[in-house]
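> Chains S and U, in that order, are what the protein sequence lines are. If you count the first sequence from 1, position 166 lands on 166 in my numbering, and the numbers rise without skipping. If you count the second sequence from 1, position 143 lands on 143 in my numbering, and the numbers rise without skipping.
Note that these hints are calculated values from the structure, not bench results. The structure displayed is predicted, hence computed values, not measured ones. Hints are supplied without guarantee of correctness; some may be wrong.
[Claimed, not checked] Chain S side only, calculated, beta carbon under 10 Å to chain U, not exhaustive: (1) 92; (2) 95; (3) 98; (4) 108; (5) 153; (6) 157; (7) 175; (8) 176; (9) 200; (10) 201; (11) 358.
[To be verified] Mimicking BS3-like on lysine-lysine, the simulated pairs with C-alpha atoms at most 30 Å apart in a straight line are: (12) S/306 with U/71; (13) U/68 with S/61; (14) S/101 with U/381; (15) S/377 with U/107.
[Claimed, not checked] Chain S residues, not near chain U, derived (Cβ > 10 Å throughout): (16) 48; (17) 53; (18) 193; (19) 231; (20) 377.
Cβ coordinates follow ideal geometry from the N, Cα and C atoms, glycine included.
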Amino acid sequence: MRKTLQKNSLRTTVAVILCGICFVTVITAQPKTVKNAGKTDIKDDAKSMPVYGHWKNFTTKDGLPSDHAYCVRIDGKRVLVGTHDGLAVYEDGKWETYTTKDGLAHNGVLSIDVSELTGDVWIGTLGGLNRWSAGKFETFTQFNSGLPNDLVYCVICDGKDVWTATGGGAGHYDTYTKEWEIFTEKNAPMHEPWTYGVSAGDGKIFIAAWGGGVIEYTKKTKQFKDYTDPDGEMEIDLLPDDGVVHDITTATSWADGMLWVSTYFGMSSYDGTHWKGYFDHDSGLASNFINFLRAEGPVVFICTDKGLSSTNGKSWVTYKKNDNSSDGMAIIKNYGRISDSTINKTTREVPLTPSIAHNFIIGVDADNDVLWVATEKGVSRGELIK
Amino acid sequence: MKLNCRLLSVVGLILCSVSILTGQDDKQNYGKATDEIFPYQRFQKAYKYFFLEPIQFYGAGREIPPPKDIKEVRIGFLGPLEGSEIVSLGKQMLQGASLAIDEANKKGGYHGIPFKLMIHNDVGAWGAAANEVVKMDDEKVWAWLGSIDDIVSHVAIRATLKLEIPMVCPGDPDPTFTETNIPWVIRVISDDRQSSYALVNQIYKKDGHSRVAVIRANNRYGRVGIKIFSETATRVGHPMVIEERFNDGETDFKTQLERIMATAPDAILIWGNARESGLILQQMRAMGLEQPIYGSDRMVSPEFLKIAGNLADGIMTTCQYNPNSDNPKLKVFQTNYFNRFGLEPDVFAAHAYDGMNMIIESINKVGLNRVLIRDVLTDLKTFQGYQGVTGKKVFDKSWNNIADIWIAKVRHGKFEFTSAPSIDPKNKVGSKTGNY
Chain S
1 MRKTLQKNSL RTTVAVILCG ICFVTVITAQ PKTVKNAGKT DIKDDAKSMP
51 VYGHWKNFTT KDGLPSDHAY CVRIDGKRVL VGTHDGLAVY EDGKWETYTT
101 KDGLAHNGVL SIDVSELTGD VWIGTLGGLN RWSAGKFETF TQFNSGLPND
151 LVYCVICDGK DVWTATGGGA GHYDTYTKEW EIFTEKNAPM HEPWTYGVSA
201 GDGKIFIAAW GGGVIEYTKK TKQFKDYTDP DGEMEIDLLP DDGVVHDITT
251 ATSWADGMLW VSTYFGMSSY DGTHWKGYFD HDSGLASNFI NFLRAEGPVV
301 FICTDKGLSS TNGKSWVTYK KNDNSSDGMA IIKNYGRISD STINKTTREV
351 PLTPSIAHNF IIGVDADNDV LWVATEKGVS RGELIK
Chain U
1 MKLNCRLLSV VGLILCSVSI LTGQDDKQNY GKATDEIFPY QRFQKAYKYF
51 FLEPIQFYGA GREIPPPKDI KEVRIGFLGP LEGSEIVSLG KQMLQGASLA
101 IDEANKKGGY HGIPFKLMIH NDVGAWGAAA NEVVKMDDEK VWAWLGSIDD
151 IVSHVAIRAT LKLEIPMVCP GDPDPTFTET NIPWVIRVIS DDRQSSYALV
201 NQIYKKDGHS RVAVIRANNR YGRVGIKIFS ETATRVGHPM VIEERFNDGE
251 TDFKTQLERI MATAPDAILI WGNARESGLI LQQMRAMGLE QPIYGSDRMV
301 SPEFLKIAGN LADGIMTTCQ YNPNSDNPKL KVFQTNYFNR FGLEPDVFAA
351 HAYDGMNMII ESINKVGLNR VLIRDVLTDL KTFQGYQGVT GKKVFDKSWN
401 NIADIWIAKV RHGKFEFTSA PSIDPKNKVG SKTGNY
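Bound-form chain S, shown alone (with noise of 0.2 Å):
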């Protein structure tokens, strides 16, 4: 009875040591959380990140042609947002809508970039790109242009140029000469002519190539460089600053001399020299799968499919919803990776009333002080809290 009872003794002993450690490690793996709703700690922490609040978001019942939006750009004093049933601009505060009836190639708008030296709207829709100047909407397709393909999944304006990612290869138009170029698989170095995304930085041409990786384009010199996943295969990131994360590539930006490159398995950054990769478990993403990002200054803003994220490289700030509500929070994180087993991690949440529309991010654009996105469920606009 007494051999019993030291043994049961033993074994309990044994039982809540083994808890305990058991415990300790559960803890010492997450990351510190802190909960605050002081706006003193926003403050303190967009000292070396914006934070945006004060969140307004707009659907249907606003006046947005469909709540599924696929982009938006800011234009001085209104804002274009693509949605798949229209363009809508808001204006004073009041949204208007332009479809085919207006002259847009196709409803579905996806991406949208306004011309500096012109004023002119470029619009990439899921049937040809139109030129919006004057009023009125001039329609570019493959049949009566050199649009690579109707199905234009970026368009960009870099000077006089009009650069466009579509289903069927990169194209170039020249506003001044009226010429096109498109660049395939046959004269750019990609597997096949399946782009994405493009962007413009650095004298150079960037372009997202589903499946190639990222096609760098020098203006002055006309030469291509590809820039592809080191390991070569599908299934795996061996090294995790190696180069690009993956191949499957969405999108690029370019600024303050980094380029950004994401990809729905994680995101990677390239300084001319080094490049750098971020997942969503050894930095403050918060997913893998990111639809599209844009760099301003030394920060990037990163449409993911759990919430938009944004980071300068070394804090992350990102914003999400709650599921049951309309409130959400700033979930803001200093994230660095020591090593490859080593991740040093602190986070603090901050609730925002109200917060973003939704969590599936499609498009954002930033201007001085105000942010906007946007997502599967309407657009949203925050200001940066100061």
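With chain S's structure known, arrange chain U on it following the hints.
Okay, now just chain U, sitting in the frame of chain S:
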């Protein structure tokens, strides 16, 4: 003693839990690859492994109510129907899909509303497949089925992701098709990764060859298919001795075959469409190349047998299903298909029939909502182990069908099907050296 054992077990369990909490846990390799053939696995653990967990769709749309007053339930079809080298395959795929639609409509359609196939040809200039998917969105299809050609399918999946239309692929074996992390796509046919693994096992481990020459189509089907074979062969210690290419429609392969002959391989692998594969075999034998011949899945075709004639005997290739199986569902399908179209169904017809039935079953289960249809197709429960006419479907976390495939061998002018050899790293490699 007992206490020590228990203590060790508990400590082991805790260590296991800690390992899971602090990093990616070890699971079965992607694609059913053994450690021997998994990239870099013998030398270094990768920093990040993909496709071990399914990507969820976190977007909106599940709350959208079904439309009222519709007169037909539209399902899209995309395939090579005109202007392509593989029109015959596309037509079989269309017929398989049509048969499934007709049978569903005979059973009352969807709550009395007939299903209607919205048919699109995927052949055209400058990424036509993307435009066809946009048209399907405009037509308000609830899901779509297609295609065969790798380039077409890749263009189409980007559009289907953007437009959020569920897609079932019954014909494209390109491994990279589902390696795109798109949560709107499933594939019901086994891919070239499984074919390549099976061929490597058959050629090097079972048949004991070591010096294998390759002649392959100079298109994406040939390039991507042979990539996996080549890498896998290298990992088991036998890089290809030569890789020659030919273009679709080419008829004279003398130059490539002379180069192959010069390397004195002990086996030759042909990776291409049926017509070119048959011609290559003819010319190979005429030149005195008597090595054993292996091939890719598209050789399993009446066209290949017709061109190759008696020379086809002994040729071995892979096939994604066994058309001689005793599966009662398959027998009924084959009878109905023959009665309706006057010919035997091929691999694309059979997989299209299965894929279309899965779409129909999904719609019947959750109604007319694209996101909910997607949810059912990708939940890895509803259709996991699905018994179709092509056999049992086994979906991995990227919704790729990794069910066992078959080795097809020509005997007396007909293909005979046996299970592909199991992947066993202990099997001896290169025991047979050819002397041709």
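> Starting from the hint list further up, note which numbers the structure goes against and sort them upward.
Per hint list: 1, 2, 3, 6, 7, 8, 9, 10, 12, 14, 15, 18, 19 and 20 violated.
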